[in-house]
Every structure is written in C-alpha cells, then in structure tokens.
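Novice: This is what each chain is made of:
There are 2 protein chains.
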Amino acid sequence: MKNKKLSFIKQALFVGMVILTFSCNDQDKGIAVNETSAEDKPMNFVIIFADDMGYGDLGVYGHPTINTPNLDRMAFEGQKWTNFYVGASVCTPSRAALLTGRLPLRSGMASNVVRVLHPNSKNGLPKSEITIAEQLKKAGYSTGMVGKWHLGHKPESLPVNHGFDYYYGIPYSNDMDLTRKLTSYGDYWKLWTEEYKDLTPADFNVPMYRGTEIIERPVDQSTMTKRYTEETTKWIRDNREKPFFMYLAYNLPHVPLFASDESMGRSVRGLYGDVVEEIDDSVGQIMAMLEEEGLAENTMVIFTSDNGPWLPTEISGGSAGLLRNGKGSTWEGGFREPGIFWSPGNINPKVVMEMGTTMDLFTTFSSIAGVPVPDDRIIDGVDLSPVLFGEGKSPRKELFYYLGRDLFAARVGAYKAHMITQEVYVQGAKQVSHNPPLLFNVEEDPSERFNIANQYPEQIQKIMRVVELHKANMKAGPDLLGERGPENLVE
Amino acid sequence: MKNKKLSFIKQALFVGMVILTFSCNDQDKGIAVNETSAEDKPMNFVIIFADDMGYGDLGVYGHPTINTPNLDRMAFEGQKWTNFYVGASVCTPSRAALLTGRLPLRSGMASNVVRVLHPNSKNGLPKSEITIAEQLKKAGYSTGMVGKWHLGHKPESLPVNHGFDYYYGIPYSNDMDLTRKLTSYGDYWKLWTEEYKDLTPADFNVPMYRGTEIIERPVDQSTMTKRYTEETTKWIRDNREKPFFMYLAYNLPHVPLFASDESMGRSVRGLYGDVVEEIDDSVGQIMAMLEEEGLAENTMVIFTSDNGPWLPTEISGGSAGLLRNGKGSTWEGGFREPGIFWSPGNINPKVVMEMGTTMDLFTTFSSIAGVPVPDDRIIDGVDLSPVLFGEGKSPRKELFYYLGRDLFAARVGAYKAHMITQEVYVQGAKQVSHNPPLLFNVEEDPSERFNIANQYPEQIQKIMRVVELHKANMKAGPDLLGERGPENLVE
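Chains as they are written, first to last, in our numbering: chain A, -17 to 473; chain B, -17 to 473.
The reader is advised that the hints may include incorrect statements.
Note that identical chains are pooled: a pair holds if it fits in a single copy or bridges any two copies.
[As the list claims (entries may be wrong)] Mimicking DSS-like on lysine-lysine, the simulated pairs with C-alpha atoms at most 30 Å apart in a straight line are:
no., residue 1, residue 2
1, K208, K172
2, K379, K179
3, K120, K375
4, K444, K179
5, K172, K444
6, K109, K224
7, K457, K119
8, K119, K216
9, K216, K444
10, K208, K457
11, K109, K216
12, K444, K109
13, K136, K104
14, K332, K136
15, K109, K120
16, K172, K453
No lab work stands behind these hints, which were simulated from the structure alone.
Based on the provided sequences and hints, a complete structural model is requested.
Specialist: As structure tokens, then:
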C-alpha cells in the first residue's frame, strides 16, 4: 500500500519536474505546480542540523530536564530513528559526509594532523564534490543555507559556491577566533566550566556572512538561533513557488553557549538547556510555518546533529544518554545522534531501530527527487525511502567509524568491532590496537559494556571481511585539513 | 480553567460517593453512577508496577532498542514525569512505601541486616499500616491486586489481609526459592550472564497464589505476564460497576527473565527486551480494554517501577539511561523511575519535570476519592492533583534517600547532598561518610558527574537543616525484615 504510494509520489514528482521545467522557462506565466494537489507536488527538503548535541539531549530521547515539546511532537508524528549515525564524530568531516553522501576520507575532509577546519586553514570542501544542493538543483530546486558551514571560509569554499543559492551564517565553529590568550591546553576546557559565565560574544571574533560578504564581526552570538529561524522561515516563504531545499545548521549547543534574552534562564538544565530549548522553539516555528503555508504535506523535515556531546566541556556539554563516550570518539556516543523524520501524510509514523546515516540523505533525496546519483564516484549513502514511506527494510547494513584517516571500528548488523580505540581530548593520547578487536552487540548492549569477542569470533571474522572489502575499495582523498597557518591552541 | 475543572471533578466525586453510598446500601436496585455522565463518575485507579525496570528502559525515556509503542503513547497522551521517585531502591521497602504512602523505615520495612523479605522471613507489612487499598475501601472501591506482592508471604500478610478483595500472583521475587546449589557469592551473578540461557522455571520453586491458596508451584514463569494481563482485564470488567482500584505488579523484568513463546526473540535487545516489550503489550491491552469499555475517561492509570536496574546482572539487567548507578544504590539510577500518568480528558498532557514519588499516590488518590488521609501517623505522600489536573506546582520539594535504615542522601529542590555513599552488591562494602556531603545539582547535572560542594556551601546548609528536621520527626519502626530462618546466599 505504502510502497504503491511511494511509486505514485515518484511518478508525480517526475511529472512535477516536467511542469516545473516548463514554468522555469516561462516564469511570467505563473507556477503550474501551485494548481495541483499535494500528491502531485515535488517534495521539499529541510535538514535541521544541531552542533554537538548528544543522543540523549532531547526529551523524546530521554533527557529528564530539557524540555523539547516541538521535537517530541515531530518524533511522535514522524519517525524517530534510534540507530541514526553521522559520517564522523567531529564537525568538518561530519558536515562533508552529510552534504556529499560520502565518507569524509574520500573528499579529503579528514586528517590525522587536525580534526577540523580552522580560521587559518588553507582549504575547504573541493569543488569536485557534489553536494545535496547541487544534486537537487538538477531537479530545479531552490537551495538555501542558514547557519554554520565549516567546510571552508574562503569565498570559493562558501555555500554559494557549493550549490546553494543563498547563504546566511558563520563559516566555522562559534568558539574559533577566540580573542583571549590561553597559555595551556587545559585552559581551553576551563573556559566552559567555572569560568564560562564571564565570557561574552566579544571574546570571539566570529564573522557572520550573507553570501560571500561579512556583514557583522564579531557577531552577536546571543541572537543567532532567533536570526537563523527568521532567515529560514523568510527564505522558505520567498522560495515556496519552486521545490526547495533548506539546510539549517545551528551553531549551538556547541560552546560558547549563548541564548537570547527571552530564553536565558528558562531551563532547569541551566544554560545548555536554555540553548537547546531555544532550538526546539525554532524547530516548532518552522513546523508551524510549514503547516500554516500548506507546505507540510509536501515537505520532509529531518532533525539531527553533527556529532555527540563534547564531554570535556563538562556542564556546558550535552549527554549521549546511555551511549558510551561522545564527540571525537568512535564509541556510539560520538557517532549516534537523534534522527527525526517528519512529513505528515507521507512518512509512516514509527520508531525505527534500523541503521541510517546522514550520508543516506543525499541518496534518499536524490531518489525522491528523481535525480540519478553520480556514477563517477563512490557514494556511501543508501536510499532510506523503503523505511520512510513503507514497511520496507533499511538497505543500510554496515557502518564505518573513522577517527581522522584511520578506520577504528565497523558495525555489521548488530555487531560492532573496535580494531583501534583512543582516548579523545587527552593530550598525547595514542592509538591502542586490539587484536582480536573488541566486540559488542550494540543492539543488545547499546552502552558497549560487555566485550564478547571471545564468545563470537565468527562475528569478528564477518566484520573483518567487510572491512577488508571496504579498504580495498577506498580511494582516499588528500589531507586537505592539515594545511594551515600558525597553530591554534586547541583543535 | 483546569483548576476549576479539578474542583468540579472533586465536587462530582463527592456527589458520586453519596450516590454510591446509597447504591451500596441498596445494591439490588442497580448502580446509580452508571446513569450519570463521565464527569459525575468517581475516578478508578490502576497502578501498573514493573520490577527492576530502569529509568532508561522505555522508548519514550530513551532506550534505542526496546520497542514500547503503548507506553510511548501513554506518555504522549498523558503526563511523562521525569523526576519521579520510589521510596527505596529495592523491592520490599519500595513496595511498602508505594502502598502506605510512608517511608519504609516508619513501617519497619527497612533493615540493615537484609534488604528485602525472603521465603524464610518471619514477618510482613504490619497490620497497623493502612494501604491504598484500605484507604480507597473507605470510599466504597473494589480493590484487586495481580502480581508480585513482596510484603510478607504468610497468610496474614498477603494482599487479601491488607485491603485487597482479590489477589492473584507470587508472594516474593521470582529468583527466590532457587533450587540450584550455589557455592559462592559470585555464582549468583553468573546465573544471569553466560549461564542464564540454561535456566528453566523449574529452577525456582516459586508459588502462585490466588487469595491465600497456593495454586501452582513451581509456577510456569514464562506465561506470567500474559496471565497477569488476563487476570487484570477480567477483574476490571467484573468489577466495573463500583469504582475500582487495581494494583498490577509484574514480577518482571527482575531476573530470571522468561517470556512467552510469542514474545521470545521479538526484541533486538535480546531476552530483556522481549520481556519489556511483552509488558508493553500488556499495558496496551489494558489501555485498549479501558477504552473499549468506556472506562478510560474516568480511570487514572499510572505506570512506574519499584527501583532502578540491577546492574550486576549485566546483560539481563536494565538501564538507568543517563542516570548514575542503579538498584540498591542512593544515586539517581536507583531511585528515579519512569512515571507515566494517563487519564484521557482529565490529565493535562505534558512532560512534568517537578518531583513526585510513588508515596504521593496514596495521598493523591485519597484526595481525588475524597477520603481524608490518616492523621494518627506521618504520611510522607503529597497530593499531586494540582500538576495532574492543572497548571499548579508539585508540593513535593524534598526527597530522602535511605539505604536500609540509614539516610544516605537528601534532595531539596534541584540540589542533592550525599552524606553517605556505599558500593552496592559488592561483598563487604562499607559505608563511606562525606563531610562536607557530596553536592550535585541533579536538574543541571542529572548524571551526578560534578560535585559542587565547594561552590555551594549554602545549599548544603539548607539541605542539612531539612535533614535535621526530618530526623527529629522520624519515629522509626522496628526492623521487621531482619528476623528470619537460615541465611539465603544472596539478598
């Protein structure tokens, strides 16, 4: 039934695209798609991406003192994915994976020298990569981005040169361009604990861009989420005549935490809670706008985050819930995120326990929009449509956990093998190799408490065969993150 | 608005009781309440109590691989309490607290010799205690209990001698009466890890009672949840003409874990997941029955558990989610539980982050049913009605965490002080006193990661004043758990 509906949607989308092509060539005559019913309309896409938010930071994912009624509703009306992953457990490579549908090692957005791009980095996402925005433009979509980019701050690397018609946001993390002098590695972490209360937005020389122009520096970080919401809703209203793709990437709850005057002190979870609840408000406003404008029925909204909580920031960092460890690690707490899909009337409401990743959005959107995925390169994404629209199984059966350029762990089905582990955000920490690998059944033991390598050697063998095949087919890109100017104190 | 509705309900309940008193005196003429509208009817109560289920074991409380659609719906349609506590973090004292509205130290259901009642225990809950069942009988309620009692297995201590008209269930934990010989303390824990797969119900000589008669021994544990569901729905159907109180206490997911043939293997979480999902099914069947019979609109259903997960049972135990530690401890993972209130049309759907406890059910039900709480003893429960039916605040501002007969910790508002801590289920572990106490803000830091005693001495002082007052007013009952026959190996 649902699968039939899906193929109907696909056909309708194809027809829609033909109409759209016509209307694009003849804009003055008005937009033909407006006169058709919901099912005839192409699907719009909105990706809402949080920064450093953990698996356990939303009410519906178990947080006891962060109030997220809008995301709770989104999950209850849509699909709450509980095995939804990112392509890397730090900012830049995770964002590269999301936008290209490819592991960041392929695009060169992975390094063992430095984990992410910095204000002194020389490079950005290569022009040769195809982003979701570029992919959807092939089907006539309007494409907008609001928020944190972190795939290169030089003009040629900014979103408007990677397929987005519009960009409003900051080019890298909100803690970069710190103007305070730090004298030791530990000083950085202290900023977010006892001392964080005296930080102001002026302590960070972060620029705000519109297109390729800096319009404010240092940006007033306390109003960022509010402004992102306004920019997003305005852009969608202005661009609703064509199918659209909006990528909204909040730069919070990454430290430094700043909330608007209205949100300060609202959450019993403290400032971190204020920030997440303000994001929840923002999501609620976007959902309400889509409903008011009659767009909800042919728009798919996805909410997720770039990586797990940044645990060394202590009370200023989030929670991975029952998952182990967080940002920067290859434990589940680093790679697994909330993943909520919402499209009333289209998406089958349920809790989904199968695997999906941010990389799969590239392939899934392409499939729904009827755009062939590129065949000149390896795309790691798979099409999640069978789960989203019906009772089908997820084609995602394997998962690779890289730290920088090294494959640390792999999951095949319920089993995950750690070939290498490493303490994260501990100065001088070394890689520790495991032979045999550590083995966990992450469905039965989601907290990775019980190493069962001795009991299930055949599962290790199975995973190692998948790993060997993966490595044999891996054509790694160059280390594009490593080239940069004088060292920053903290990566 | 909602408060107005509440007072209307209370008035209606009062009128209902008068009608009821009349109908009770004149039963042959039929039940007058049947002919009145929903709001005129007295409120029925159903407490559904799980055993050793952790804070993090339900989908809506964050578990990624246990599928609980019925409890998720119950939480979304009702109130999901995220700071809901039990009176003790082990079975017997927790159950005493629930049923009497009093800390177990008052009733004598607390001991430093042994934590719970055993098959060789001499005593049970004293006859002088007033249970919720006895309290509601004053308002003409029918009272039924199905499931695990654990407040004394001798005839005079069983539910039918503590205010319940009906009883079907087991008198103590399902792991008691173990027929295998264990030679060391560690052997017990091994049963639930590598070796648990070869256990059968026949390894436990547990009796099933109806009233005060043993009807099956050893009981077939694999069909317990199914049978409890059938007994519960039948009893409610049979007793719907009068207001009713049903106390359904599953003996699972306490070890040993057994599921019905239909549920075996259903969950990717393994046997523990099978068991919890079967409980979720059971709750769904009870909700559906209440809806089909038109009873949902004047019935309040509460779902919670007796204490946190039993962590030493490893893969056979549950998860406290992001909360620290579990069963037997005075960390949040021991005392905080899922707490879901459901009464469509009466209860204001929301997530509640204020404090509530199982002891408050005694007082809340009494208030709703219009029965004065006893004034000849201290009742620790408070009336949660202002939160349940309106926008009021919870009167619960303080919480006391006892281990056995000793007060280990206290919470006042957001702050919790640990005066004593102790490793649990570690042979020979001693109490460790803390001066100053460890201090945590459990709203901002729900995982109790950051001891802030040095930063907030005034919060410690405030808590210690509350503790002193509490201790001054504490009239402890005798240790009724300690008296028993030959030692059991494991408590």
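Novice: Within a copy, between copies, both or neither: where do K332 and K136 come within 30 Å Cα-Cα?
Specialist: neither (42 Å within a copy, 46 Å between copies)
Novice: Could you figure out if K208 and K172 sit no more than 30 Å apart (CA to CA) within one copy, between two copies, both or neither?
Specialist: within (28 Å within a copy, 54 Å between copies)
Novice: State whether the alpha carbon distance between K136 and K104 is at most 30 Å within one copy, between copies, both, or neither.
Specialist: Classified as within; 8 Å inside a copy, 79 Å across copies.
Novice: Which holds for K216 with K444 at a C-alpha limit of 30 Å: within a copy, between copies, both or neither?
Specialist: Neither. Shortest intra-copy (50 Å) and inter-copy (50 Å) distances fail the 30 Å Cα cut-off.
Novice: Pop the pair K109 and K224 into one bin, within, between, both or neither, using alpha-carbon distances up to 30 Å.
Specialist: within (26 Å within a copy, 74 Å between copies)
Novice: When no copy is named, should K172 and K444 be tagged within, between, both, or neither for a Cα gap of at most 30 Å?
Specialist: between (44 Å within a copy, 28 Å between copies)
Novice: Between K444 and K179, at a C-alpha cutoff of 30 Å, which is it: within one copy, between copies, both, or neither?
Specialist: Classified as between; 24 Å across copies, 50 Å inside a copy.
Novice: Within a copy, between copies, both or neither: where do K444 and K109 come within 30 Å Cα-Cα?
Specialist: So K444 and K109 fail the 30 Å test inside a copy (37 Å) and across (61 Å) alike.
Novice: With 30 Å as the alpha-carbon cut-off, assign the pair K208 and K457 to within, between, both or neither.
Specialist: neither (41 Å within a copy, 55 Å between copies)
Novice: Taking 30 Å as the upper bound on the Cα-Cα distance, should K120 and K375 be classified as within, between, both, or neither?
Specialist: Close inside one copy (28 Å), not across copies (55 Å); limit 30 Å.
Novice: At most 30 Å between alpha carbons: which applies to K379 and K179, within, between, both or neither?
Specialist: Between copies only: 28 Å across chains, 44 Å inside a chain, cut-off 30 Å.
Novice: Pop the pair K109 and K120 into one bin, within, between, both or neither, using alpha-carbon distances up to 30 Å.
Specialist: Close inside one copy (16 Å), not across copies (78 Å); limit 30 Å.
Consistency with the previously given hints fails for numbers 9, 10, 12, 14, 16, ordered from lowest to highest.
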